Every structure is written in structure tokens, then in C-alpha cells.
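Under full-length UniProt numbering, think of the first position of the sequence shown as 1, with each following residue one higher.
Calculated from the structure, these hints are not laboratory results.
Be a bit skeptical, because a hint or two may be false.
Unchecked claim - Computed spacing ranges between beta-carbons, pair by pair:
hint: 1; residue 1: Leu68; residue 2: Arg22; range: 22 to 28 angstroms
hint: 2; residue 1: Ser57; residue 2: Asp16; range: 45 to 51 angstroms
hint: 3; residue 1: Phe77; residue 2: Met40; range: 18 to 24 angstroms
Since the structure is predicted, the reported quantities are computational estimates derived from the model, not experimental observations.
Backbone N, C-alpha and C fix where the C-beta goes; we use that ideal spot for every residue, glycine too.
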Amino acid sequence: MTGHPSQRPPRGHGTDPNRLIRYVGLAALEGVIAGWIFLMVLLRMDIGGLGSLVEGSADAAMALVILLMSFGVTFGFVGIAWKVMVMLPGQADHD
């Protein structure tokens, strides 16, 4: 920008146009990993009979894939929402 100096962004700020994409992507990845860990705990501890239900199913692999996708999407969005809600003003400029 060649306008008035007050219209120019401060030096060092806004130099990476992909910082928000990286911030949201990392938050989603953290949420997906947390969701998968939670699912594995549920399956391993057989909470509510979920582990034995999946293990005893004729299509156990398909049931596991569906559970992994469901927990991944759900917790991925929770991770994004959490990171955005706790983000301090101006914090995204420094990541």
C-alpha cells in the first residue's frame, strides 16, 4: 500500500497471508487427535459396551472407520471453536 502512513500495516504484521489458515488447521488437527484418543479410551475401557459392540460386529472395520470420522469431525470443530474463543486480541497476528 502506498497510501497515507496511517493506512499502512505496521512492519512485521500481516506478512504471512496464510497465518489464519495455519492457525485453524492446527486447531482442527489438535481436536481430531483428541477425539481419536477419547474414542480409543472409550473402546479400550468398553464404556457402555461400545468396545465389545464394535469388536463383535461383522463389519468391525467399517464401524471403526465411521466412529473415527464422526469423532474426528466433532472434536475437530470443537478444537477450532476452543482456539478461536480463547484467542486474545491480536494473537493471530503473532502466530
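Now the hints, each set against the structure:
no.	hint	verdict
1	Leu68 to Arg22: 22 to 28 angstroms	holds (24 angstroms)
2	Ser57 to Asp16: 45 to 51 angstroms	holds (46 angstroms)
3	Phe77 to Met40: 18 to 24 angstroms	holds (19 angstroms)
Hint check: no violations occur; every hint is consistent with the structure.
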